[in-house]
Amino acid sequence: MKKIVCVIVACAMLIALAALPVSCKRNDTVANLEGDYTGLEGTSLYIVNWGEYISDGSEGTLDIIKAFEKTTGINVTYDDSTPSNEAMYAKLKSGAVAVDIVIPSDYMIQRMIKEDMLQKIDTSKIPNYKYILDEYKNLYFDPQNEYSVPYNVGMVGVIYNKTMVEGTPDSWNLLWDSKYTNNILSFSNPRDAFATAQFLLGQDVNNTDKALWDAAAEKLKEQTPVLQSRVMDEVFNKMEGGNAAVAPYYAGDYLLMKSINDDLEFFYPKEGTNIFVDSMCIPKSARNYEAALMFINFMLENEVALANAEYLCYASAHSGVVNNPDYSFKDNEILYPDSEHKPKTQYFYDLDPEIRSYYEKLWEGIVR
Amino acid sequence: MRIANKIIKWHVYVFLYLPLVIMIFFSFNSAKSTSVFEGFSLKWYGELFSSSDTLEALRNTMILAIASAFIATVLGTLAALGIYMVRNKIYKQSMLSVTNIPLMNPDIVTGVSLMLLFVFVGRALGFSQYLNFWTLLIAHVTFNLPYVILNVLPKLNQTDKSLFEAAQDLGAPPPRAFFMVVLPQIVPGIISGAIMAFTLSLDDFVISYYTSSGFQTLPLKIYSMTKKVVKPDMYALSSLIFLVVLVLLLGSNIFQMRAENKTSRVLRKEQKARKKSKEIAV
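Chains as they are written, first to last, in our numbering: chain A, 6 to 373; chain B, 67 to 348.
Please keep in mind that the hints were generated in silico from the structure rather than gathered at the bench.
Values in this document were obtained by computation on a predicted structure and should not be read as measured data.
Taking lysine-lysine pairs in the DSSO-like style, the calculated list, with each CA pair at most 30 Å apart, reads:
1. LYS109(B) / LYS243(A)
2. LYS75(A) / LYS109(B)
3. LYS263(A) / LYS109(B)
4. LYS109(B) / LYS71(A)
Given these sequences and hints, build the entire structure.
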């Protein structure tokens, strides 16, 4: 009896904890809006995005979703529980949820367009679309700019700890260097890991030649003895704490790590690297197309795009942000390398299921 | 031998609690990292309480866990009782096997199949939204049921059937006999089943992801932070939850000790009284 009472009391305490009034005021106002955000008060918008992928008001940043709700009066359901593109795809494909805005990675957008899961976006109704830089228009997955609006741009590079690595490396073969055995990290997902080997071997990361994939797999097997482990977000702790010397990861995340550990340096390998663009799309199941357009326009407002770019620390596709003197990453040589230092880049395309299962099978042989 | 036992015991405690201690330690870190401790700060606790989505996720998680544990416990106890009473061996075995299916299935199979079921039923019945809080609740009750049944059934098997019959012989109608004689005996099983269901529901990610839309729970929030760092206000939250559970367990143990001391005192008094009456009789 006493035990039941205790459990009930505990639950009551925890619920009370959760129901505490929010004390701190969140930053949720945007001045200088260019667009017209009237007319859709009271309607709903369902957004699916990655976790920690939008400026959400933490540590004094702008809470974009709250600002949007305040400006337009629209009720937003913001679902950021997506663990991967594939899970996002599975949920959308099943028709289980009616999503208005989804923000997948480039190759997933290509697949969704192929499978007719996305609606055309009428960019003439998005006045702020004019701010999108030309170099991010007409990309391979959406050549006519009909289905997506760029949200975030990133590039993969190599992070290394200058106190643990000699000289100034500039090539992918640093990840194979036996001098740093047991201090090298790599990606835990097959696509990114294969790409590191494919770039080193001078291959096209989107080739469909099984012999080339075999060669890349052999190269990866050569790497296994010198690897410490395969990671994704664990890379933050390992590099910041000096537990590993070399790791491939995204440029924006390097900047975050550098603020904790100043010994970390970064380079774009000379053989080339992966570039990705996550974009906002409107699925066919969308219930509130007009509100979705309004949201895209809101995200492209100068102040909002700036806040988001500052929060994400990745590169922005927004001309207003890139040319803004107040932008703390303006002309940052890592995020926006000048033409001399610009790396050769390749996008990941959506590969055929046949090649996908082939390289996944190869991957099983590598990680065992 | 005793020393070896002690060493093993302490190793177990260290393995269980060291991660928690480290997490609590780093929840006071002024930087966002778990490898470099930059300075003591209550910043993340502040962030936690001003982050309305985290608090909302906590509230949602609690509501879901309590509701699904309660429903699963009631249904599970009834189911266990039903299985216990079945005479036909084949029927009993098949019911037990069916109970084991959600246990054996990987979460993703359960999650995706439930999602497809809800879409199918939703379409057939013409709902506009196929997934919501109720589908999530149904999913949680589904995977909680086997654990409740498997906790209550052994307790039922341990009860003495003759006690139940004796109660009826003495005039109690079957329901009354059940509530007054059998139920008190199986209460420990019911409680452990309920706690297990609560914990599983609190912890679940995969099934919740595929059967909810928009109802954010803590696991959904935390697992999505797979490409970037887990925000330290999660450490602050986990530390607080751990503290609450710790206080509760200590409290309930103290209650139990007091209750046991009380009963032993009463028993000793009765024994003395009996001895005295024996002496007097002699």
